[in-house]
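Engineer: Residue numbers (my numbering), protein chains in the order written: chain A, 145 to 390; chain B, 502 to 617; chain C, 5 to 646.
Treat the hints with care, since some could be wrong.
Unchecked claim - Distance windows between CB atoms, simulated:
1. C:Leu586 / B:Phe536: 52 to 62 angstroms
2. C:Val616 / A:Ala298: 39 to 49 angstroms
3. C:Thr325 / A:Ala309: 38 to 48 angstroms
4. B:Ala568 / C:Thr325: 26 to 36 angstroms
5. B:Thr551 / A:Gln251: 15 to 25 angstroms
6. A:Lys206 / C:Leu34: 48 to 58 angstroms
7. A:Leu294 / B:Ala543: 16 to 26 angstroms
8. B:Trp586 / C:Ile497: 47 to 57 angstroms
9. B:Leu564 / A:Glu313: 24 to 34 angstroms
Said to hold, decoys possible - Chain C is faced by these chain A residues, among others (derived, beta-carbon under 7 angstroms):
10. Thr169
11. Ile178
12. Ala179
13. Ala182
14. Ser186
15. Met189
16. Leu190
17. Ser193
18. Leu194
19. Arg204
20. Ile317
21. Lys318
22. Ser324
Honestly, the hints are just simulated from the structure, not real lab data. Yeah, the Cβ is synthetic: ideal placement off N, Cα and C, and Gly gets one too.
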Amino acid sequence: MATAVAHASDGHAGDSGHGEHAHYTTTGLEHRKIAIWAFIGSECMLFASLISTYLIYKGRSKVGPMPHEFSCKVSNVVASTADGVAALGCAAADVMKPILDIPVTSQSTFVLLMSSLAMVLALEGVENHGKPGYDRWFKGSKFWLAMTALMGAAFLGYQAYEFTAFVHEGLTIKTNLFGSSFFTLTGFHGAHVSAGVLWLLTLLAIDMKRGLKGKNDVLVVDICALYWHFVDVVWIAIFTLIYLIQ
Amino acid sequence: MSDQNTQAAHPPAPAHATADHHEHPTWKQYKWVAFWLTLITAVEVWVYYTPFKESSLFAPTLLVMSAVKFTMVVAYYMHIKYDHWIFKRLFLLGLSIATVTILALLFLFGKLKIGG
Amino acid sequence: MATTAAPAPIGTHAGASYGHGEPTGIWSWLTTVDHKRIGTLYLWTALTFFLVGGIEALIMRMQLMGPNGQLVSAEVFNQLFTMHGTTMVFLAIMPLSAAFFNYLIPLQIGARDVAFPRLNAFSYWVYLFGGIFMTVPIFFSAAPNAGWFGYAPLTTMQFSGGLNIDFWVIGLQILGISSLAAAFNFITTIINMRAPGMTLMRMPIFTWMSFVVQFLLILAFPAITVALVFLLFDRFFGTQFYELAAGADPLLWQHLFWVFGHPEVYILILPAFGLASEILPTFSKKPLFGYNVMVYSGIMIGFLGFGVWAHHMFAVGMGATADTIFAMATLLIGIPTGVKIFNWIATMWGGQLRFVTAMKFAVAMVALFTIGGISGVMHASPPTDLQQTDTYFIVAHFHYVLFGGSIMGIMGGIYFYFPKMTGRYLSEKLGSLHFWFFFIGMNVTFFPMHYSGMLGMPRRIYTYDAGQGWDQFNWWSTIGTILMFVGAIFFIINFFKSRKAGAIAPNDAWGAGTLEWSIPSPPPDYNFAQLPVVTSRYPLWDLKHPEMTADIAHSAPDEMTITDSHAVPMHEETEYKTAKELGIPMPFPTIKPLFAALFLVVMFSGLIFIHVGMFALAMTITIGGAALFVGTLYGWLTSPLE
Numbered sequence: 145m146a147t148a149v150a151h152a153s154d155g156h157a158g159d160s161g162h163g164e165h166a167h168y169t170t171t172g173l174e175h176r177k178i179a180i181w182a183f184i185g186s187e188c189m190l191f192a193s194l195i196s197t198y199l200i201y202k203g204r205s206k207v208g209p210m211p212h213e214f215s216c217k218v219s220n221v222v223a224s225t226a227d228g229v230a231a232l233g234c235a236a237a238d239v240m241k242p243i244l245d246i247p248v249t250s251q252s253t254f255v256l257l258m259s260s261l262a263m264v265l266a267l268e269g270v271e272n273h274g275k276p277g278y279d280r281w282f283k284g285s286k287f288w289l290a291m292t293a294l295m296g297a298a299f300l301g302y303q304a305y306e307f308t309a310f311v312h313e314g315l316t317i318k319t320n321l322f323g324s325s326f327f328t329l330t331g332f333h334g335a336h337v338s339a340g341v342l343w344l345l346t347l348l349a350i351d352m353k354r355g356l357k358g359k360n361d362v363l364v365v366d367i368c369a370l371y372w373h374f375v376d377v378v379w380i381a382i383f384t385l386i387y388l389i390q
Numbered sequence: 502m503s504d505q506n507t508q509a510a511h512p513p514a515p516a517h518a519t520a521d522h523h524e525h526p527t528w529k530q531y532k533w534v535a536f537w538l539t540l541i542t543a544v545e546v547w548v549y550y551t552p553f554k555e556s557s558l559f560a561p562t563l564l565v566m567s568a569v570k571f572t573m574v575v576a577y578y579m580h581i582k583y584d585h586w587i588f589k590r591l592f593l594l595g596l597s598i599a600t601v602t603i604l605a606l607l608f609l610f611g612k613l614k615i616g617g
Numbered sequence: 005m006a007t008t009a010a011p012a013p014i015g016t017h018a019g020a021s022y023g024h025g026e027p028t029g030i031w032s033w034l035t036t037v038d039h040k041r042i043g044t045l046y047l048w049t050a051l052t053f054f055l056v057g058g059i060e061a062l063i064m065r066m067q068l069m070g071p072n073g074q075l076v077s078a079e080v081f082n083q084l085f086t087m088h089g090t091t092m093v094f095l096a097i098m099p100l101s102a103a104f105f106n107y108l109i110p111l112q113i114g115a116r117d118v119a120f121p122r123l124n125a126f127s128y129w130v131y132l133f134g135g136i137f138m139t140v141p142i143f144f145s146a147a148p149n150a151g152w153f154g155y156a157p158l159t160t161m162q163f164s165g166g167l168n169i170d171f172w173v174i175g176l177q178i179l180g181i182s183s184l185a186a187a188f189n190f191i192t193t194i195i196n197m198r199a200p201g202m203t204l205m206r207m208p209i210f211t212w213m214s215f216v217v218q219f220l221l222i223l224a225f226p227a228i229t230v231a232l233v234f235l236l237f238d239r240f241f242g243t244q245f246y247e248l249a250a251g252a253d254p255l256l257w258q259h260l261f262w263v264f265g266h267p268e269v270y271i272l273i274l275p276a277f278g279l280a281s282e283i284l285p286t287f288s289k290k291p292l293f294g295y296n297v298m299v300y301s302g303i304m305i306g307f308l309g310f311g312v313w314a315h316h317m318f319a320v321g322m323g324a325t326a327d328t329i330f331a332m333a334t335l336l337i338g339i340p341t342g343v344k345i346f347n348w349i350a351t352m353w354g355g356q357l358r359f360v361t362a363m364k365f366a367v368a369m370v371a372l373f374t375i376g377g378i379s380g381v382m383h384a385s386p387p388t389d390l391q392q393t394d395t396y397f398i399v400a401h402f403h404y405v406l407f408g409g410s411i412m413g414i415m416g417g418i419y420f421y422f423p424k425m426t427g428r429y430l431s432e433k434l435g436s437l438h439f440w441f442f443f444i445g446m447n448v449t450f451f452p453m454h455y456s457g458m459l460g461m462p463r464r465i466y467t468y469d470a471g472q473g474w475d476q477f478n479w480w481s482t483i484g485t486i487l488m489f490v491g492a493i494f495f496i497i498n499f500f501k502s503r504k505a506g507a508i509a510p511n512d513a514w515g516a517g518t519l520e521w522s523i524p525s526p527p528p529d530y531n532f533a534q535l536p537v538v539t540s541r542y543p544l545w546d547l548k549h550p551e552m553t554a555d556i557a558h559s560a561p562d563e564m565t566i567t568d569s570h571a572v573p574m575h576e577e578t579e580y581k582t583a584k585e586l587g588i589p590m591p592f593p594t595i596k597p598l599f600a601a602l603f604l605v606v607m608f609s610g611l612i613f614i615h616v617g618m619f620a621l622a623m624t625i626t627i628g629g630a631a632l633f634v635g636t637l638y639g640w641l642t643s644p645l646e
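Just chain A, with the same shape it has in the complex (with noise of 0.2 angstroms):
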């Protein structure tokens, strides 16, 4: 996640002094870009592995909590197989609880969609700088940075909240493979969101410093805006595979 934010920003971080003028390059695309569209390809692949694992290993648990309601019934295609039927046994499955908590994962997800747009609507504000309309506080960059780390920082009491009821209901990373998974998974995302709040607050400090304006800085948001967005359609990703379908 380090390596995120220091390519990110390394080519010209800083430049000020250089700003409008930057080097021959062949594409006349920004380094930077290409390196953060680089690295968001390669996180495709960081996550395509954790969710693989929680997906093979779901319905492997020995032991409760289990993520859904468990019953024989089902039989759509990515849950429990024949083995982890065997491994559980019926009658033990049903007295099991289901921990996932889909109403408020829902207003989570929400919360991280629409920072999404918070997002956007920052980026814009950099872009528009100093334009009429701009100037008034609900169109302007500082605000709609604020609530994107804001709404940002909210997922993540949700997901603290969520984690905490989890280990009241005796589920932690140690539990099982269902926990241990479980856990990595949105933990490794909810890592990548803590860096991407970090980051819009860096740029919040900034922006209340010496106002975000100009070609570079429209750069950085926008780099910045990528990373958050990769993070959130992640999310979208997560929601469905491991939360709503069995």
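Position chains B and C against the provided structure of chain A, taking the given hints into account.
Structural biologist: This is chains B and C only, laid out in the frame that chain A set:
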């Protein structure tokens, strides 16, 4: 890297990037995307509480809805639809290899089977 | 554009050597962000690790020279083969390739540096510190000891309680960061910093193969990162990813590892392919045969490389369907690889061959890789593989590929590019000795392993009884290893002697055709005083030997647009001026990447203390390291590049 694309990259682009002056999603589009994202999420959660959940079409339906949301965020919020083809390639390369790897692993571990 | 000064006139006082106002001394190396210096650092470090890995191999071969060897204990032997594999793959061959990526990619594409010079320095320092972290424990008999592939559950606490595996898990995680950071950097560099007119299909083939390798890196490393995180969590925080009693699947690690591990094979070999593809045309005085097909087959190898990983696992019983699919995909990969071999042969066919040392290594690489490739096709077939897997036959196969292929190619690259890096030639006489000892020694070592393997000798055994028919093959293998060591000694003498006293090399040391040969040797820190406009694949041959490139595609002169970037038509640069005189802005030297790397490694190494019962200390070091790392990063990102 197909040939026409490598050819397209030829002309030494002037330093002041032409690629930066791309078409741009608008305010209106941003809000519509947010609307659809909310709506689809609401439908996803709603069907979770209906008897449709037991149907064998439940998982595919949810996957399609999730893919639509995914695509909308990437296309509009990450403005890949309006941006340079290189970004699209970089992302799709990672995404496609990742997807194929997930599917292959799920088959290998017996989580997916041909013919159910 | 506005930052570059008016084009300087081309001077005439050629043959200038060192002493063009670049700082020297240890501080200048610690703070360097120059891709050439970083490349040089990679080269020195990787050659040192190559020697360490070689010594590990030599000790193993001494142990196995005759039956019932007593030189080392079984435990030490485990550490030796683990560290030999890990060192050669992650600390020697990959960084040797990285040395060439660093040194050559900007020069070959006509750029002044990489896209992110400081990130580049960071990659190197992470590699160095990570390498030291992983290698030092061998002096305390606590080195990793479960094989370079670290199969879990063998590597879980239950079966490997010591610190050995902790060093391995954490060390690999650190090295992964280095490789990933470098890969993002080179992808950006190649996409975005090519000289005017250098289209993708005009890039030198080494740059092309490197380009493919960077994608393999960014897409393969995440898989092992995740596998290692699971193992790390299992070992340190009590998760159950590899805990069979909890229902874990013993194949999870193997799959994740080989999802990474097979692309890794191509990460190791493609740069050597690229180097051979630069050397063969130069000493055949012919453009590379079938350039486009070479490029496409490189891309094809990269793609298919992601779809064949399970052929490392035929013996675990995945079922007929999976075996068949992976066998077919594996056999398919033989096609683009075979195409490359035939193209190299066709490049030499009818050429005016000059067998200098670099050329000998390149030709040997083609031949030896072919042998390794053919035995690879043999065990692409599951029934055959079941006979060969885990025997010395496999050891023979991958050493033909990795030593015969990667190392021979890289050695060729060193002989070829040494004049560019230092301004002096390596001695041909010592080089020839080096080559023949390597070539003969390599075959004497690894060819008999085909036989000992077919006779059933398993890999990784620390000793064996007499009378199983393996004795004489093992004896020969050990003799071959000694021969290779003699070769290595010739190389070391040559390397040190020629740096100071080798024959002076001109710009264009070998009569090659690509951009890096159009600038002085060694290149000035800014590389190109003026960016050259490229109109074909061999710009320098266009300039000096137009008859040689008559058959390849050129763009019409009117297609060239010289922009306001001060690019000028293809030319040779012979004079040294400082960057300041030319008005070229250079990145500031900075120590921050070194400290960022150091703190990152400190952060990871804190974890070690958990297992010696000092949890508070571990957390202090880890959290302290992380805080310092983030702080350094902020300092780095807020200071201007140039």
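Engineer: Could you run down the list of hints and mark each one as holding or not?
Structural biologist: Here is what the structure says about each hint:
1. Evaluation of the 52 to 62 angstroms hint for Leu586 of chain C and Phe536 of chain B yields a pass: the beta carbon distance comes to about 56 angstroms.
2. Val616 of chain C and Ala298 of chain A have their C-beta atoms about 40 angstroms apart, which keeps the hinted 39 to 49 angstroms range intact.
3. Evaluation of the 38 to 48 angstroms hint for Thr325 of chain C and Ala309 of chain A yields a pass: the beta carbon distance comes to about 42 angstroms.
4. Evaluation of the 26 to 36 angstroms hint for Ala568 of chain B and Thr325 of chain C yields a pass: the beta carbon distance comes to about 27 angstroms.
5. Remark: the range hint 15 to 25 angstroms for Thr551 of chain B to Gln251 of chain A is upheld by a beta-carbon distance near 20 angstroms.
6. The given range of 48 to 58 angstroms is respected by Lys206 of chain A and Leu34 of chain C, whose C-beta atoms sit roughly 53 angstroms from each other.
7. Distance hint check for Leu294 of chain A and Ala543 of chain B: the Cβ-Cβ separation is about 22 angstroms, which falls inside the suggested range of 16 to 26 angstroms.
8. Restraint check, Trp586 of chain B to Ile497 of chain C: a C-beta distance of roughly 52 angstroms satisfies the suggested window 47 to 57 angstroms.
9. Separation of Leu564 of chain B from Glu313 of chain A is about 28 angstroms and conforms to the stated range, judged on CB atoms against 24 to 34 angstroms.
10. With 7 angstroms as the threshold, the beta carbon of Thr169 of chain A comes within range of chain C, its nearest partner Cβ sitting at about 5 angstroms, so the hint holds.
11. The interface hint given for Ile178 of chain A holds, since its Cβ lies 5 angstroms from the closest Cβ of chain C, which is under the 7 angstroms cut-off.
12. With 7 angstroms as the threshold, the beta carbon of Ala179 of chain A comes within range of chain C, its nearest partner Cβ sitting at about 5 angstroms, so the hint holds.
13. A cut of 7 angstroms between beta carbons decides the hint on Ala182 of chain A: the least distance to chain C is about 5 angstroms, and the hint holds.
14. Satisfaction of the interface hint for Ser186 of chain A is found here, the shortest Cβ-Cβ separation to chain C being roughly 4 angstroms, below the 7 angstroms cut-off.
15. Contact between Met189 of chain A and chain C, as hinted, is supported at the beta carbon level, the nearest pair being about 4 angstroms apart and thus within 7 angstroms.
16. For Leu190 of chain A, the interface hint holds, since its Cβ comes within 7 angstroms of a Cβ in chain C; the closest pair sits about 4 angstroms apart.
17. For Ser193 of chain A, the interface hint holds, the least distance from its beta-carbon to any beta-carbon of chain C being 4 angstroms, beneath 7 angstroms.
18. Interface hint at Leu194 of chain A: satisfied, since its Cβ lies 6 angstroms from the closest Cβ of chain C, which is below the 7 angstroms cut-off.
19. Hint status for Arg204 of chain A: holds, given a least beta-carbon distance of 4 angstroms to chain C, under 7 angstroms.
20. Annotation: interface hint on Ile317 of chain A holds; nearest CB of chain C at approximately 5 angstroms, less than 7 angstroms.
21. Interface restraint check for Lys318 of chain A: the shortest CB-CB distance to chain C comes to about 4 angstroms, inside 7 angstroms, so the restraint holds.
22. Interface hint at Ser324 of chain A: satisfied, since its Cβ lies 4 angstroms from the closest Cβ of chain C, which is below the 7 angstroms cut-off.
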